[in-house]
Structures are given as C-alpha cells and as structure tokens.
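K.L.:
Each chain, letter by letter, is given below.
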Amino acid sequence: NAGVTQTPKFRVLKTGQSMTLLCAQDMNHEYMYWYRQDPGMGLRLIHYSVGEGTTAKGEVPDGYNVSRLKKQNFLLGLESAAPSQTSVYFCASRAGASGGGTAIDTDTQYFGPGTRLTVL
Amino acid sequence: GESVGLHLPTLSVQEGDNSIINCAYSNSASDYFIWYKQESGKGPQFIIDIRSNMDKRQGQRVTVLLNKTVKHLSLQIAATQPGDSAVYFCAENSGYSTLTFGKGTMLLVSP
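Residue numbers (the working numbering), protein chains in the order written: chain A, 10 to 129; chain B, 90 to 200.
Rather than coming from a laboratory, the hints here were simulated on the basis of the structure.
Small disclaimer: the values here were computed from a predicted structure and weren't measured.
Each residue gets a CB set at the ideal place from its N, CA and C atoms; glycine is no exception.
Do not take every clue at face value.
No farther apart than 25 angstroms at their CA atoms in a straight line, the calculated lysine-lysine pairs in the BS3-like style are these [said to hold, decoys possible]:
(1) B:K126 x A:K18
(2) B:K192 x A:K18
(3) B:K192 x A:K66
(4) B:K131 x A:K18
Label-pair distances were calculated between CB atoms; the ranges are [as the list claims (entries may be wrong)]:
(5) A:A11 x B:R150: 22 to 28 angstroms
(6) A:P122 x B:S199: 23 to 29 angstroms
(7) A:A11 x B:G172: 21 to 27 angstroms
(8) B:K192 x A:R125: 15 to 21 angstroms
(9) A:M50 x B:H161: 19 to 25 angstroms
Modelling step: build the complete structure from the supplied sequences, incorporating the hints.
P.N.:
So this is what it looks like as structure tokens:
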C-alpha cells in the first residue's frame, strides 16, 4: 500500500493563477481531509469529505474548493491564488466511524507527505 | 521542516533521558485524542491514541496519559533517541468527523 499520496510536491504560482492539488489513498478510507500548515499555527482544516460525492467546510475554507468524485481521490482547488495561500498543504484519510469504541484505529487520520505551495 | 518549528515551545533533552510533552485541550466533550510526530519536511505520523474512557495507554517506548479533570494530555517517551527529534502534536476530536490540532512542541534530542 502506498497509503496517502499527494501531487505535486512543490509548486510556485503567480497571484491570480489557478491550480488543483491531488490527494489519493489506496486504503479504501471513507473520510478525507485537506489541511494547511503555517509556521506557529499548527494544522488547520480547510475542507473535508465523509464519503464519495460529499464535501464540507472546515475552519479555513475561503479561497478553496474541493471535489470527491471518486472514493480514493480528494482534489483541492485554488481558483485565484493569493500570497496568503502560501503554505504547506496536507491531505489525510481515515477509515470511518468507530463502532462502540473498540475499533479505535478507524478514527485515526493518516497523512500524506505534503505539498509546498508558494504564491508570488 | 524548520518553518513548522518557528515560535514553537521547545523541549531539549539528552539521549537516553525520558521526555514528557504536555498538551492542554479545550473541549470537555472530546472523547478521542491522538499524538502525532512530524519530522522535518514530512507529513504528521501517528504515534498513539487514547479514548476518554481510558486514562493511560502504552505503546512501544511511548505512553499517553489523559487527565479529563484538568483537560490535560501528556506523551511520555522512554529512553529518548536522536531519531525522536521532531515536532509533536496533540489532537482532539472536535466533532463527529474532525480533529482539532494543537500548535505543537519541538523535541530536540542531543547525543
């Protein structure tokens, strides 16, 4: 299993350009997440998905859109990039709802290696 | 890597010492907690987790303690090694599907 993979690893954009970040997981996980990580800020949730065809907003959704057309893929789009979107982006996936507290691992989120995005 | 560690609380220990990293969480209704390790230039890596119906859970060289009375979580690393140097995050489940992460603590292990 490759686990969670992200493409690209690095990208430099000019203000106003658009791009899509791809996250793929081969663990048949139901839930997928997009985070951004900035110095001193920890991980902040952008958008997430609880299943194929569904998405929901996280803590910092503005300026981003997402799509989950296939269970294994979760796409993060920037329609018009801004310098404030310079960050490291992480995708994560999780198996699904736990069953009575015994399936503790189904709540664990597993992360990809990240995409470093710079917007000039 | 280095940018993740900017302005983070830092714990410096000698190789072989035991390390204790602390975390205060905010939501008394949270019922699931995780510790992650993040090495420079990599994504967060799962270390250990615990549910609120437990107060202690042990893994290989790591122990997580949960004190719900004061909303406090700690990660103990036994016989710390240079390879343990990283940023450590605690996270709590803030809803049915999502986690809220702390800002992290940098652990520096000198040989």
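K.L.:
Look at the Cβ atoms of K192 (chain B) and R125 (chain A) and judge whether their distance stays inside 15 to 21 angstroms.
P.N.:
This hint holds: roughly 20 angstroms between Cβ atoms.
K.L.:
Within 19 to 25 angstroms: is that where the Cβ-Cβ distance between M50 (chain A) and H161 (chain B) falls?
P.N.:
Taking Cβ atoms as reference, M50 (chain A) and H161 (chain B) lie about 22 angstroms apart, which means the hint holds.
K.L.:
For the hint 23 to 29 angstroms, verify it against the beta carbon of P122 (chain A) and that of S199 (chain B).
P.N.:
holds (27 angstroms)
K.L.:
K126 (chain B) and K18 (chain A) were given as a pair; does the straight-line alpha-carbon distance stay at or below 25 angstroms?
P.N.:
Between K126 (chain B) and K18 (chain A) the Cα gap is close to 20 angstroms, so the pair holds against 25 angstroms.
K.L.:
For the pair we were handed, K192 (chain B) and K18 (chain A), check the Cα-Cα distance against 25 angstroms.
P.N.:
holds (23 angstroms)
K.L.:
Given a hint of 22 to 28 angstroms, does the C-beta separation of A11 (chain A) and R150 (chain B) actually sit inside it?
P.N.:
Since A11 (chain A) and R150 (chain B) have Cβ atoms about 27 angstroms apart, the given range 22 to 28 angstroms holds.
K.L.:
Starting from the range 21 to 27 angstroms, see whether the pair A11 (chain A) and G172 (chain B) falls in it by beta-carbon distance.
P.N.:
With a Cβ separation near 23 angstroms, A11 (chain A) and G172 (chain B) satisfy 21 to 27 angstroms, so the hint holds.
K.L.:
Does K18 (chain A) sit within 25 angstroms of K131 (chain B), going by the straight-line distance between their CA atoms?
P.N.:
holds (11 angstroms)
K.L.:
Can you confirm whether the C-alpha distance between K192 (chain B) and K66 (chain A) stays at or below 25 angstroms?
P.N.:
holds (21 angstroms)
Consistency note: the structure conflicts with none of the earlier hints.
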